[in-house]
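J.: Here are the chains, one letter per residue:
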Amino acid sequence: MSGGPRGKLRPAFRRWRAGRPFWGGLLLALGGAEILLTLRASLDVVLHVGMQGLAGYLLPAVMLLCGVLILFNPAQHLFYSVIGVLVSLGSWLTSNLGGFFVGLLLGVAGSCLAFGWLPDQEPRVSRRRRRKEARAARAAQAPG
Amino acid sequence: MTSSAEHGEHTSDRPGGTPEAGDAPARRGRVRARRAAVMAVPAAAVAAGLAILTAEGALGVQFAISGMPFTVTATELNGTGFAQFGALDEMAEGSPNAGDTGGQVLVVTSVIKNATLTKLCQSVDLGGTNLVIRAGEGAQKVTASDLTTDSTQLSGDAAFNNIEIGNDASTLDKAGPKGRGPKGVFSQQSDTVHIASLRQTNYATTAGVFKLPGLKLGFSESGC
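Heads up: the protein sequence lines correspond to chains A and B, in order. For what it's worth, my numbering labels the leading residue of the first sequence as 1, then goes sequentially. For what it's worth, my numbering labels the leading residue of the second sequence as 1, then goes sequentially.
Rather than coming from a laboratory, the hints here were simulated on the basis of the structure. Just so you know, not all the hints are guaranteed correct.
[Unchecked claim] One side of the interface only, derived from the structure: several residues of chain A facing chain B at Cβ under 8 Å:
| # | residue |
| --- | --- |
| 1 | L39 |
| 2 | V62 |
| 3 | D120 |
| 4 | A139 |
[As the list claims (entries may be wrong)] Which bits of chain A does chain B cover? Going by a derived footprint, with three or more residues having C-beta under 8 Å, they are:
| # | segment |
| --- | --- |
| 5 | 24-36 |
| 6 | 63-70 |
| 7 | 111-119 |
| 8 | 122-130 |
[What the hints assert, rightly or not] A few chain B residues facing chain A, derived, Cβ under 8 Å:
| # | residue |
| --- | --- |
| 9 | R32 |
| 10 | A48 |
| 11 | L50 |
| 12 | I52 |
| 13 | A55 |
| 14 | A58 |
| 15 | L59 |
| 16 | K113 |
| 17 | L154 |
| 18 | S155 |
In this text, a Cβ means the ideal position worked out from N, Cα and C, and glycines have one as well.
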């Protein structure tokens, strides 16, 4: 029963994923969310403290936003990934050592994946298939 | 002629003609390792640089944690500009840590304008495992400015200089503008504070700019 809609949804999801740096955006957004979760300082105190306190919230929020924008506006993924990596690194200083390092790591990894992503690439050839093709080529060469 | 060439390019997926152009989606976005490395290498270098600078105490970092109780210990705390008053911390609505407290925790807010801590250890219980941050175990000490902690428990051997006890919390002036509480609340303040073998259970540390020489961050079965 669940096979029906899933059978249609999964290829659609694959196609959607193929057109954007999916893992990059997802990791960056998750990193921002993780840092926000470790903060949870009451807003009263943050506003009382001013800019310094606000930066603790601002940077992970920008990370989250960049991650989501990478997913939904992949045309600009280079710009978002550069902002994302800078903000991720900045969160070390402002937000609990970048969410105790976890969020920082996710954010930097996600930004790098988004930066390294290129649309419209050749399909990946699996190693097994490559080996098989190499063997076939050798076999074709050997008798000749 | 050109149109036919374009047409040919569009129809055939690969110029060489693959043996199986079947199931896999023909062309899709992909991460090129070398492009990713262009950003990954400098980013890793900067991250390492930040960690090293922090561990040397050259760079201050900020903490803003609340909702999860965490323990702070230090063998010695010296501070100037100390204020302390009672307060009620409210958790975010529907916080899983609220339990039967109604989301409110009665806390003692301590504000220290400039603090120096020896052998700082901070641990957060993440359920089963503890995230432990240690710093200031070498010759250099941890320094913090505008350190504001909301604690439920505080123990240690304390000594104060020029202490004033029983002020209204809104009239405090020794710890700067951040060390001022709500009206009508009991409070105390002093010029200097010295606490030996400090142990705090905190609900929030906010906007304390910490300099953490000798930083060690890791997971451990036991907290501080």
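J.: Quick check on the hint: B:S155 CB to chain A CB, less than 8 Å?
T.: With Cβ-Cβ at 24 Å, over 8 Å, it is violated.
J.: Go check the segment 63-70 of chain A versus chain B for me, would you? Three or more residues, Cβ under 8 Å, otherwise it fails.
T.: Since 0 is below three, the answer is violated.
J.: Please verify that hint: B:R32, Cβ, nearest Cβ of chain A, below 8 Å or not.
T.: holds, 5 Å
J.: Quick check on the hint: B:A55 CB to chain A CB, less than 8 Å?
T.: violated, 11 Å
J.: Against chain B, run the beta carbon of A:V62 and see if the smallest gap drops under 8 Å.
T.: Nearest chain B Cβ about 16 Å off; hint violated.
J.: The hint names B:L59 as touching chain A; please verify it with the least Cβ-Cβ distance against 8 Å.
T.: Check passed: Cβ of B:L59 comes within 7 Å of chain A, closer than 8 Å.
J.: Do three or more residues from the segment 122-130 of chain A put their C-beta atoms closer than 8 Å to C-beta atoms of chain B?
T.: It holds: at least three residues are needed, and the segment 122-130 of chain A offers 3 whose Cβ sits within less than 8 Å of chain B.
J.: With a Cβ-Cβ cutoff of 8 Å, does the segment 111-119 of chain A contain at least three residues near chain B?
T.: Satisfied; 8 residues make the cut.
J.: Quick check on B:A58 please, does its C-beta sit within 8 Å of some C-beta on chain A?
T.: violated, 12 Å
J.: Hint validation: A:A139 versus chain B, beta carbon distance must be below 8 Å. Holds or violated?
T.: Since the shortest Cβ distance to chain B is 14 Å, the answer is violated.
J.: May I ask you to test the interface hint for B:I52 with respect to chain A, counting a Cβ-Cβ separation under 8 Å as satisfied?
T.: This interface hint is violated because 11 Å lies over the 8 Å limit.
J.: Against chain A, is B:A48 within 8 Å by beta-carbon distance?
T.: violated, 11 Å
When the structure is compared with the earlier hints, violations turn up for hints 2, 4, 5, 6, 10, 12, 13, 14, 16, 17 and 18 and for no others.
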